[in-house]
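Engineer: One-letter residues, chain by chain:
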Amino acid sequence: MSLQPIKFYQTGTFTVGNRLLDESRRTVQANMRRTNSLNSGHRACQGCGEALGARYAIDAAMQATGSRLIAANATGCLEVFSTPYPETSWQIPWMHSLFGNAASVATGIAAALKVKGRQDVRVIAQGGDGGTTDIGFACLSGMFERNDDVLYICYDNEAYMNTGVQRSSATPPAARTATTPAAGAHPGNIFGTGKNVPLIAMAHRIPYVATASVANLHDLEAKVKKAMAIHGARYIHIHVPCPLGWGSHPSDTLKVARLAVESGLFPLFEAEHGEITTSLPLRKKAPVEAYLKLQKRFSHLFGEKPDRDTIAMIQAIADRNIEKFGLDSP
Amino acid sequence: MFQVRIHGRGGQGVVTGAEMLSVAAFLEGKHSQAFPSFGSERMGAPVVAFCRISDHEIRLREPVMEPDALIVQDPTLLHQVDLFSGLSKSGFILVNSGKSFAELGLESLLHTYPINRLATLPATEIALKHIGRPLPNSALLGGFSALSGEIGIDALLQAIGDKFRGKTGMDNKDAANAAFHLVQEKMHHAATA
Amino acid sequence: MLQQLEGSRAIAQGIALCKPEVVCAYPITPQTHIVEALAEMVRTGELANCEFINVESEFAALSVAIGASAAGARSYTATASQGLLYMCEAVYNAAGLGLPIVMTIGNRAIGAPINIWNDHSDSMAMRDAGWIQLYAETNQEALDLHIQAFKLAEALSCPVMVCVDGFILTHAYERIEIPDKRDVDAFLPPYDPVQVLDCNDPVSIGAMVGPEAFAEVKYLQHRKQLRALELIPEIAAAFSARFKRDSGGLVKPYRLEGAETIVVALGSMNGTIKDVIDEMRSEGHAMGSIAIVSFRPFPLDEVRAALVGAKRIVILEKSLSVGLGGPLSDGVRKSLSGTGIKGHTVIAGLGGRAITRKSLMALFVKAEKDELELLDFLDLDRDIVNGQLEREKETRRSGPVAENVLKSIGTVASRIA
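Protein chains in written order, with the working numbering: chain A, 1 to 330; chain B, 1 to 193; chain C, 1 to 417.
Only true hints are included.
Taking CB as the label site, the calculated pair distances span:
no.	chain 1	residue 1	chain 2	residue 2	range
1	B	R42	C	P113	11 to 21 Å
2	A	I190	C	P113	35 to 45 Å
3	C	G258	B	H181	52 to 62 Å
Taking beta-carbon pairs under 7 Å as the criterion, some of the chain C residues facing chain A (in silico):
no.	residue
4	S57
5	V64
6	C199
7	P202
8	I205
9	A207
10	M208
None of these hints come from the bench; they were simulated from the model.
Think of the CB as a built atom: it goes at the ideal place given N, C-alpha and C, for glycine as much as any other residue.
Here chain A stands alone, though its shape is the one from the complex (with noise of 0.2 Å):
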């Protein structure tokens, strides 16, 4: 009788936390020296998916950079909870100027340290998909065109969620916000509305585009830092779930951030001056229907008589996605 092979989970796994790995297959979260640069105490929703993606972005950051790193935020959520006046969770140079021009300031910031010499210290913007893909859109097409040195992230949950949830040109399909109420012929929102920023940043030929999820703090971290190593315009799309937006548990946030990546609907890829150069392929596959069941913003799709049609409206943008991006595994 052969022996069974004994798999201890802890070791050579890659979970978040794990410390018994090499160190340069530790997160930055798991290392104890870690900047925590979006502090705690801030006032965030329970299970909120930007404030994750913010202390891992940043965090990674500061690390790339040896902790020299300025930050420009836009109006919203995360600019809000962070920043409850007379208190502040930033443990970096911070600004908050307008809702729609953090990727101007970060401009300003950028040529500031250029004039002064010190091209050491670097430059992020950061705001939501309100801040990112409408008002703030004039702002970030000018700074990708100018190839400033700033490196923009955008959280995208997928509406204006500090306004109390209402629809973006970042918001998918049949989602239910409040200006795109589940009601009437065709609930939630409009097909063949939106727009793909990080297609668009791509048209711009920017030296560094990538997507990331909180689900995959191994892949967003190292992004960030590939991003911090490349002088010149760079943006990073993270998806973020919000729990209140998107009527789902504070618990499921991972959950619904992974099947938001295994269903292709949020395809993970990088690209160079235009040229898609990674796309994570899938190792598991999910049915959309997985994904959108856990969201109280898709209920009406489901129930007593499910909304068949849609549905696979929703799963064919999931699988032209797999297709044009190669997430089929080889």
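Put chains B and C on the given structure of chain A with help from the hints.
Structural biologist: This is chains B and C only, laid out in the frame that chain A set:
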């Protein structure tokens, strides 16, 4: 205070002409002010530019309503725009044309204004000859210098040289000089006739 | 060094002497020549250690300046009219954050109807934003005020807009003394920020402030401007001592001795007004004028002191507070509170209409005879206005107003003024 009004069309260097005139006056130690009547920039549209010259600080900011001198860079404006509006009775008139005032249909002017203050000058032809382009402003300023004596030819040539460098500068100065001498001659003939 | 050059170029040279570190701008008539000159100076190296950024909108322009200023760089931008309105959100933001940005406004009318010519409606639209507003009478003063502006802005941590009449000043060639570099360096020390984004000393800038503290923050903003009322004359005096000429200050009086009628105005029209006053004085009229340089903060005490001896005041405004009258008049009348002196608002020069000696003389004579309304419009063509009113009475679909009025005027290009 001496006030000049220059009429022309967009693209003919009307504004540059007024500016060079003001620089020439400055080089002679005077106060001067030059500015265009601002229209949407468009080639071929009627353009007016103004220049004031004075021994004292110029505080006035209105367009030149009562010019002491009129320079007409484009004769096609003559019967279209009220160019002579406000012109002083002892005013100078310099028209860019090879024709005479009578031939231009401006006979009446010869009766209203002192004849030794009127001149036509083929400035475009002079410009084509010396610069190779139909930009008559430098030539007209040379003619104006001779006609009015309000600015000296040396200061004018220096102002032209400040504005246009290299060969363009030389050519424009040649045009101004040629026009200056031509008008001087014309006036001499008219005086001795 | 004394030079004959375009106002815009002179202003650009003045700004370059202030050693700005970040210059950003979006093109709009009539400020273009200023930023073009700066772009050239940066390229040739004449203006060294300066990042020049071509932005995609005015909103971006001021936003870039906001980021740069917060990071400790001396920052500058310029705009006018529609551009100023487009960056309006950022204008309030810069003031609220206390960033010492200096911005040139090439004063231009605001549409609709679209108009590229000079009036004060643009800077007036931003009068409550918290910026200091200084109005230049000549191009020399425009240049000088920019140098004073940086010093003032950085002393107070408050942004300053220097208002320069579009076209009338920006595009006029005149005789200007370009200051010596060493004098400017001695007058204007390097920018030493009160707050700065610094990795060694991190701060969060731009907090949300609720009802518990907002009033206090705004009050401190107001106090800052009141402090400027003291600082502006100090800086003007220091400027005068170093550069040997008077420029700026709060209010500039002209022939007020025994003046019964005093004219009040902002900007370049004060030059024409002075000429008219000289002429009328030589004919025995008791006329005088004041040019207000600092419109914000409004120098209530200084204006009152200057006007209190007059019988009547004529406030010439290049902007219209639609539905009320004149924004300059608000401050002037407030300064005359309780004196019983009559103030007449005359709206003039809107959309670039020339303000002529002839019209002013007739106006002032009328004023002396107490024949002016409380609100009047200089050189308004009543026939055209009445024509349009008739048209509107006759038919509901009377068409676009601007087009109708233009049709009544006929060929525009044949007019001199």
